[in-house]
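Protein chains in written order, with this note's numbering: chain L, 1 to 319; chain E, 1 to 290.
It is worth saying that the hints were derived from the structure and are not from the lab. A hint or two may mislead.
[Claimed, not checked] List of simulated lysine to any residue pairs, SDA-like, C-alpha gap at most 25 Å: (1) L:209 <-> E:278; (2) E:91 <-> L:303; (3) E:91 <-> E:81; (4) L:284 <-> E:118; (5) L:284 <-> E:122; (6) L:284 <-> E:117; (7) L:314 <-> L:186; (8) L:316 <-> L:262.
[What the hints assert, rightly or not] Short derived list, chain E residues pointing at chain L, Cβ under 8 Å: (9) 92; (10) 93; (11) 98; (12) 100; (13) 103; (14) 107; (15) 110; (16) 111; (17) 113; (18) 114; (19) 267; (20) 271; (21) 282.
These numbers were taken from a predicted model, which means no experiment stands behind them. C-beta atoms are modelled at their ideal positions from N, C-alpha and C, and glycine is treated no differently.
Read off the chains here:
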Amino acid sequence: MIKLIAKPRIGRKGLAITTVFILILVAAPFLFPGHNTYLLTLSLVMALFAMSFNFLFNYAGLLSFGQAAYFGAAAWTVVLLYNHLGINSMLILFPIAIIVATALAASFGYVCVRYTEFYFAILTLAIGELLFFLAIKLRWLTNGSDGLGIPYLPLLWTNTMNVTAYYYVVLAFFMVCVLIAWLIINSPFGLIVQAIRDNPTRIESVGVKIRRYRWIVFIISGIYAGIAGALAVPLHGHIVPDILRWTVSGEAIFMCLLGGYTSFLGPIIGAIIYTFIRDYAIAKLVYWQLFLGIIIVTLALLFREGIMGLVRRKIKGIP
Amino acid sequence: MKLVMLVYILNGIFFASILFLISAGLVLIFGAMNILNLAHGSFFTLGAYLAGTFIILSTRMGFPALMFAVMILATVIVGIVGLGLEVSLFKPIYERAHVYQLLLTFGLVLIFEDIFRLIWGTTSYSAPEPYTYLGYLTMFGFEYPVYAFLVMGVGILSLFFLIFLLRKTRIGKIIRVVTENRYMAAALGVDTKRVFSQVFFIGSILAGLGGSITIPMLVALPGLAVEMVVLAFAVIIVSGIKSIEGVYVVSLIMGLLRSFGVVYFPEFVLFIIYLVVIIVFMFRPRGLFE
Numbered sequence: 001m002i003k004l005i006a007k008p009r010i011g012r013k014g015l016a017i018t019t020v021f022i023l024i025l026v027a028a029p030f031l032f033p034g035h036n037t038y039l040l041t042l043s044l045v046m047a048l049f050a051m052s053f054n055f056l057f058n059y060a061g062l063l064s065f066g067q068a069a070y071f072g073a074a075a076w077t078v079v080l081l082y083n084h085l086g087i088n089s090m091l092i093l094f095p096i097a098i099i100v101a102t103a104l105a106a107s108f109g110y111v112c113v114r115y116t117e118f119y120f121a122i123l124t125l126a127i128g129e130l131l132f133f134l135a136i137k138l139r140w141l142t143n144g145s146d147g148l149g150i151p152y153l154p155l156l157w158t159n160t161m162n163v164t165a166y167y168y169v170v171l172a173f174f175m176v177c178v179l180i181a182w183l184i185i186n187s188p189f190g191l192i193v194q195a196i197r198d199n200p201t202r203i204e205s206v207g208v209k210i211r212r213y214r215w216i217v218f219i220i221s222g223i224y225a226g227i228a229g230a231l232a233v234p235l236h237g238h239i240v241p242d243i244l245r246w247t248v249s250g251e252a253i254f255m256c257l258l259g260g261y262t263s264f265l266g267p268i269i270g271a272i273i274y275t276f277i278r279d280y281a282i283a284k285l286v287y288w289q290l291f292l293g294i295i296i297v298t299l300a301l302l303f304r305e306g307i308m309g310l311v312r313r314k315i316k317g318i319p
Numbered sequence: 001m002k003l004v005m006l007v008y009i010l011n012g013i014f015f016a017s018i019l020f021l022i023s024a025g026l027v028l029i030f031g032a033m034n035i036l037n038l039a040h041g042s043f044f045t046l047g048a049y050l051a052g053t054f055i056i057l058s059t060r061m062g063f064p065a066l067m068f069a070v071m072i073l074a075t076v077i078v079g080i081v082g083l084g085l086e087v088s089l090f091k092p093i094y095e096r097a098h099v100y101q102l103l104l105t106f107g108l109v110l111i112f113e114d115i116f117r118l119i120w121g122t123t124s125y126s127a128p129e130p131y132t133y134l135g136y137l138t139m140f141g142f143e144y145p146v147y148a149f150l151v152m153g154v155g156i157l158s159l160f161f162l163i164f165l166l167r168k169t170r171i172g173k174i175i176r177v178v179t180e181n182r183y184m185a186a187a188l189g190v191d192t193k194r195v196f197s198q199v200f201f202i203g204s205i206l207a208g209l210g211g212s213i214t215i216p217m218l219v220a221l222p223g224l225a226v227e228m229v230v231l232a233f234a235v236i237i238v239s240g241i242k243s244i245e246g247v248y249v250v251s252l253i254m255g256l257l258r259s260f261g262v263v264y265f266p267e268f269v270l271f272i273i274y275l276v277v278i279i280v281f282m283f284r285p286r287g288l289f290e
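Could you build all of it, start to finish, from the sequences and the hints given here?
Here you go:
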């Protein structure tokens with residue numbers, strides 16, 4: 001059956017880098033206080049979102065334009081539960097949101113994984129657009145294109161206005177998710193998935209049910225997108241239907257491209273850089289999509305492996 | 001049957017004609033080059049914006065008769081832009097994995113969308129002069145815009161032109177051969193790279209024509225590009241890439257679905273269309289007309 005028990009190998013260099021990374025992240029609110037802590041929190045959330053995309057892209061070889069559907073679904077579940085049912089406890093909101101996102105991913109994923117490449121890409125794109133369309137049309141539920149918001153949610157002894165406190169909550173989620181992702185990718189399951197990406201015909205001839213593995217990856221991807229979506233809500237405060245669109249999916253794609261999708265750390269690095277650049281650039285650049293598009297084209301043509309790709313060329317042994 | 005049904009049917013054919021123009025281009029490109037050009041919708045939108053600007057310019061400068069000629073000019077410009085992009089950006093990545101093509105065209109969609117915003121603004125853009133110029137035709141007791149008939153005519157003519165091109169001309173045969181098996185075609189001496197450029201040019205022209213023809217009756221927004229490319233791809237999925245007549249038939253079905261849908265279940269038109277696509281996709285993944 002499907003084995004998730006991992007025997008990961010991580011060299012000394014990788015271990016050292018990871019430790020330094022963790023230390024910096026833990027100390028971050030003191031190293032980069034104020035607005036930067038907020039940005040870092042957002043980066044970690046977006047890193048999870050980028051990782052959700054990369055599960056499908058790098059490890060399964062499937063390009064999904066619709067990860068925002070599950071990200072947005074989770075976010076919307078949180079705001080809907082608050083606004084219509086008055087629930088304001090994160091302990092209830094987040095798990096339900098993640099379950100919703102997972103259920104959606106399982107259902108849509110079942111159809112999507114029957115197809116590859118273009119058909120898969122367009123199908124995922126269409127699903128995102130469909131949900132966006134529903135979110136806009138069902139005004140009685142979602143308040144249409146104006147969206148719904150939430151106030152500060154209670155968080156331990158304080159509330160989510162306390163950026164530092166929320167940062168540590170997100171960091172905890174982040175570290176657990178990254179660890180699990182690492183375990184999954186390096187387990188026999190993860191290796192089979194990568195084998196499916198590399199040579200589907202060969203692996204199928206050995207008896208592997210390709211569709212089932214892809215479906216499970218899709219679900220895992222949906223779970224991560226859902227976690228990211230739920231965590232993102234207190235950071236944005238207000239959620240609009242646009243969170244479901246391909247443009248948001250495009251951000252995940254961009255973060256992975258920029259950071260280097262072939263590396264494990266790539267999406268995380270890409271997410272951090274992207275979030276900080278965006279915060280800076282949106283204040284200065286009106287035509288942000290133009291800038292983004294040009295970088296995507298350049299990356300696709302010239303720097304396929306992104307930043308981590310360049311780094312790994314110089315320094316061996318980094319995950 | 002109520003007389004108003006006739007209006008709905010005409011509306012359906014009208015929308016189908018537009019859908020056909022953009023879908024036919026995408027089918028040709030996808031079939032021959034195995035590239036999904038997400039920016040195809042951007043070409044359509046570019047044609048619409050360009051034609052709109054030219055129409056407004058020509059009416060303002062006092063040459064309303066040029067209105068129709070400039071639409072052709074807009075179409076040709078889109079074709080040239082497409083060709084330029086193909087030669088400069090697409091060629092290097094043909095041999096690479098398909099994901100790069102998708103990413104590349106995705107980047108282009110973003111670039112185009114902001115260019116539209118930059119040049120033409122974010123509010124809706126329209127140029128109704130040719131539409132008002134041609135007036136209405138009174139039939140069976142109601143009026144219907146003549147311009148719509150023009151669009152339907154262009155749609156049918158394009159269908160015939162494409163059938164003629166693909167069946168009767170030498171270049172059409174080469175395109176079909178490359179669609180069937182490009183490596184074999186190359187082995188037989190066909191310059192596939194050149195054929196790719198030609199196909200891309202024709203496809204872009206069709207998209208540009210679709211946009212130019214449409215602008216007098218529909219408004220242009222930057223978001224039009226993605227909307228159209230998803231619809232066009234829906235058509236391709238349902239019809240398959242082997243038959244251009246199939247594309248027309250499916251466009252008709254979609255057009256009629258939309259025009260009746262807008263009347264009877266307006267909130268869920270798009271939903272119904274997607275549903276049809278998903279159903280066809282699940283049972284006949286190669287399309288209805290393979």
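- Item | Hint consistency between residue 209 of chain L and residue 278 of chain E [alpha-carbon to alpha-carbon, up to 25 Å] | 23 Å, holds
- Message: Quick check on the hint: residue 113 of chain E CB to chain L CB, less than 8 Å?
- Response: At about 6 Å, which falls below the 8 Å cut-off, the nearest Cβ of chain L leaves the hint on residue 113 of chain E intact, so it holds.
- When the least beta-carbon distance from residue 282 of chain E to chain L is tested against 8 Å, hint result: Holds, because the Cβ-Cβ distance from residue 282 of chain E to chain L comes to roughly 7 Å (cut-off 8 Å).
- Item | Hint consistency between residue 314 of chain L and residue 186 of chain L [alpha-carbon to alpha-carbon, up to 25 Å] | Satisfied, since the Cα-Cα distance of roughly 24 Å is no more than 25 Å.
- Message: Please check whether residue 114 of chain E passes as an interface residue: C-beta within 8 Å of a C-beta belonging to chain L.
- Response: OK, holds: residue 114 of chain E within 8 Å of chain L, min 4 Å.
- Query: Given residue 110 of chain E as an interface hint, is the shortest Cβ-Cβ distance to chain L below 8 Å?
  - Reply: With a closest approach of 3 Å, the residue 110 of chain E hint holds.
- Message: Is the interface hint satisfied for residue 111 of chain E? The criterion is a beta-carbon contact with chain L at less than 8 Å.
- Response: Since chain L brings a Cβ to about 4 Å from residue 111 of chain E, closer than 8 Å, the hint holds.
- Residue hint residue 103 of chain E, partner chain L, criterion CB-CB below 8 Å: With a minimum Cβ separation of about 4 Å from chain L (threshold 8 Å), the hint on residue 103 of chain E holds.
- Would you settle whether the hint for residue 100 of chain E is holds or violated, based on the nearest Cβ-Cβ distance to chain L being less than 8 Å? Holds, because the Cβ-Cβ distance from residue 100 of chain E to chain L comes to roughly 5 Å (cut-off 8 Å).
- Task: Below or equal to 25 Å on CA atoms is what counts here, so check residue 91 of chain E against residue 81 of chain E.
- Result: With a Cα-Cα distance of about 15 Å, the restraint between residue 91 of chain E and residue 81 of chain E holds, given a limit of 25 Å.
- Hinted pair residue 284 of chain L and residue 117 of chain E, Cα distance within 25 Å: Satisfied, since the Cα-Cα distance of roughly 17 Å is no more than 25 Å.
- Item | Status of the residue 92 of chain E interface restraint (C-beta, 8 Å, chain L) | Status holds, d = 6 Å.
Checked against the numbered hints listed earlier, the structure breaks none of them; every hint is satisfied.
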